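Participant: Chain by chain, the residues:
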Amino acid sequence: MKEKEIIASVRCLRHVYADHTEVRLCGLEFRVHRGERVVVLGANGSGKTTLLNHLVGLLRPLEGGVKLFGYEPNRHFEHLRTKIGVVFQNVDEQIIGPTVWDDIAFMPKNMRLAPSEVEERVKRALNLMGIMHLKDKIPHYLSGGEKKKVALAGALVMEPEILVLDEPFNGLDPRSREEILELLVSVNKRTGSAAVVATHDVDLVSAFAETAYVIADGRIVFRGTPKEVFGQVQVLEKAKLKPPALFRLFQDLAREGLPVTPPLSVGEAKQQLQHLLGTVPGQKGKVAE
Amino acid sequence: MDLGYIDNLAYNGKSLMHRASTPVKVALVVVVLGVVVTSQEPRELAGVFLVLGTVFWLSGLPWKELFSLLAYPVLFSLAFALSRLEAGFPVFFTVIAKAATAALGLILLVSTTPYIEVFSLLALVLPQILIDALYLTYRSLFILLGQMSSFVTILHLKAGLAPWTLLRNARSIGGVLGVMFLHSLKMSERMYDVMMLRGYGTGVYFRSTPPRLNSEDWFPCAFMVVILMVVWFL
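So the protein sequences, as listed, match chains A and B.
Number 266 in our numbering belongs to position 266 of the first sequence; there are no gaps in the numbering.
Number 1123 in our numbering belongs to position 123 of the second sequence; there are no gaps in the numbering.
You may find that some hints are simply not true.
[As the list claims (entries may be wrong)] From chain A, some residues computed to sit far from chain B (all C-beta separations above 12 Å):
id, residue
1, Ile6
2, Val86
3, Pro108
4, Glu228
5, Pro259
[Claimed, not checked] Label-pair ranges, simulated between beta-carbon atoms:
id, chain 1, residue 1, chain 2, residue 2, range
6, B, Gln1040, A, Tyr141, 53 to 63 Å
7, A, Gly145, B, Leu1050, 45 to 55 Å
8, A, His275, B, Met1196, 48 to 58 Å
9, B, Tyr1005, A, Lys242, 37 to 47 Å
10, A, Leu249, B, Ser1015, 57 to 67 Å
11, B, Val1074, A, Tyr141, 29 to 39 Å
12, B, Met1196, A, Ala254, 21 to 31 Å
13, A, Leu276, B, Glu1189, 30 to 40 Å
14, B, Tyr1005, A, Arg255, 57 to 67 Å
15, B, Gly1201, A, Glu120, 13 to 23 Å
16, A, Gly145, B, Gly1201, 51 to 61 Å
17, A, Thr82, B, Lys1064, 16 to 26 Å
[As the list claims (entries may be wrong)] A few chain A residues facing chain B, derived, Cβ under 7 Å:
id, residue
18, Leu58
19, Arg60
20, Asp92
21, Glu93
22, Gln94
23, Pro98
24, Asp102
25, Met107
26, Lys109
27, Asn110
28, Met111
It is worth saying that the hints were derived from the structure and are not from the lab.
Computed from a predicted structure; not experimentally measured.
For each residue, glycine too, the CB sits at the ideal point set by N, CA and C.
Please model the complete structure; the sequences and the hints are all you need to start from.
Facilitator: Set out below in structure tokens:
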């Protein structure tokens, strides 16, 4: 099968902040293909945000190369910004408009689109996120999950080709997290835009990512599918992370000789357990002959 | 008492004054300010103050909380009034009454009108850059207030604030304000980044519909007439 076009790449990055904090990200090349869902895994302070800020053109690297759609993002910021949708950690600071509608309309209006097109795009983004009922709300009266959805709608309104999200699940309750996660996957499937998510929450990787990168000690140390990443316990330990509890449990069971393979979802684990215990689905507790 | 409280009153209030259109409420405040600027009569000012107090009462606004805000203008005008004491008590009273009446009029407006409606109206007459600056200041203050409240809670928990320890309290609050200043600098950088990424160029837009009068406007209009009558007859 033909490999999809690479739309973003980061190679051996070095950046020094104003307070002289130096961030290096060498090792493997970071690549995002068109329409791909990518997760960047790393502990706090590992350089995930620095990587994303370079990718969207907010920072210029001292060394290394960053390419987005073939351009250096920092130099061609104005040209690229309609192709990028960004949601940062603190969504409160990202919601600029006086009302939800105004906030989502912020970029189309600033891009001087025709009023009818602005209206249409805002409606589409509101519907995509399922927040039409919030359109007249003032930002500070929204819940954390609603704010995330508004920020996402604001990022999606220009129909970007790549969506960049920094710790999008932080501070959300489990239900809101799941809701946002499902929305992100559905947006990716419906619009075909690539998505890059930086997180330290390994539980979300398998539900979202097609490809995951692991950052440890200033290096991109691993690239693979979620299953491949979780199989690399040493790599994850080096990155101060752990595979999801369910994955670890099945890994231990497999190590003790049980015929199971570490699952990526609860459904997969359930199937294996049913098979292992010989229970018939629908007849709880009954053991098959 | 904070900005959030007033904002909440304005946003969630259901009284006649809350439901009246913004231009008419602003017109009422302009009339009040006009009287404050032109009048030198303590009786007139006291009369207007009482009329505003009646509107407050009829709008179901919390007296205690909102009237406590008058302490600031009264305190500052007191210093000026004391310097004019030789001109007599009526002048002393006039100076203080002017400050209190003007402040009460504005408190009435902001506690019955959501800020976006005020900004939308201002956007019709002020330059976009000024509206953006005012609006973003308001929005930032709101975000910072949340952080400030967390800091004060932490100060309480760590015994940084206690009754009758003025010096220690002042030192603690000073520290918090310093940290808040640094926070606000970082926050403004992040907000600027976001605005750049989201294509900021022409301004923050308000989805304002042209200001329209509505059936509840009789309420502020009636009090506008009462104020003019007070000025005329007193």
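Participant: Look at each hint and say if it fits the structure.
Facilitator: How the hints compare with the structure:
no. : hint                                : in the structure
1   : Ile6                                : holds, 22 Å
2   : Val86                               : violated, 5 Å
3   : Pro108                              : violated, 8 Å
4   : Glu228                              : holds, 32 Å
5   : Pro259                              : holds, 50 Å
6   : B:Gln1040 with A:Tyr141: 53 to 63 Å : violated, 44 Å
7   : A:Gly145 with B:Leu1050: 45 to 55 Å : holds, 47 Å
8   : A:His275 with B:Met1196: 48 to 58 Å : holds, 54 Å
9   : B:Tyr1005 with A:Lys242: 37 to 47 Å : holds, 44 Å
10  : A:Leu249 with B:Ser1015: 57 to 67 Å : holds, 59 Å
11  : B:Val1074 with A:Tyr141: 29 to 39 Å : holds, 32 Å
12  : B:Met1196 with A:Ala254: 21 to 31 Å : violated, 50 Å
13  : A:Leu276 with B:Glu1189: 30 to 40 Å : violated, 54 Å
14  : B:Tyr1005 with A:Arg255: 57 to 67 Å : holds, 59 Å
15  : B:Gly1201 with A:Glu120: 13 to 23 Å : holds, 21 Å
16  : A:Gly145 with B:Gly1201: 51 to 61 Å : violated, 30 Å
17  : A:Thr82 with B:Lys1064: 16 to 26 Å  : violated, 52 Å
18  : Leu58                               : holds, 5 Å
19  : Arg60                               : violated, 13 Å
20  : Asp92                               : holds, 5 Å
21  : Glu93                               : holds, 5 Å
22  : Gln94                               : holds, 5 Å
23  : Pro98                               : holds, 4 Å
24  : Asp102                              : holds, 5 Å
25  : Met107                              : holds, 5 Å
26  : Lys109                              : holds, 5 Å
27  : Asn110                              : holds, 4 Å
28  : Met111                              : holds, 5 Å
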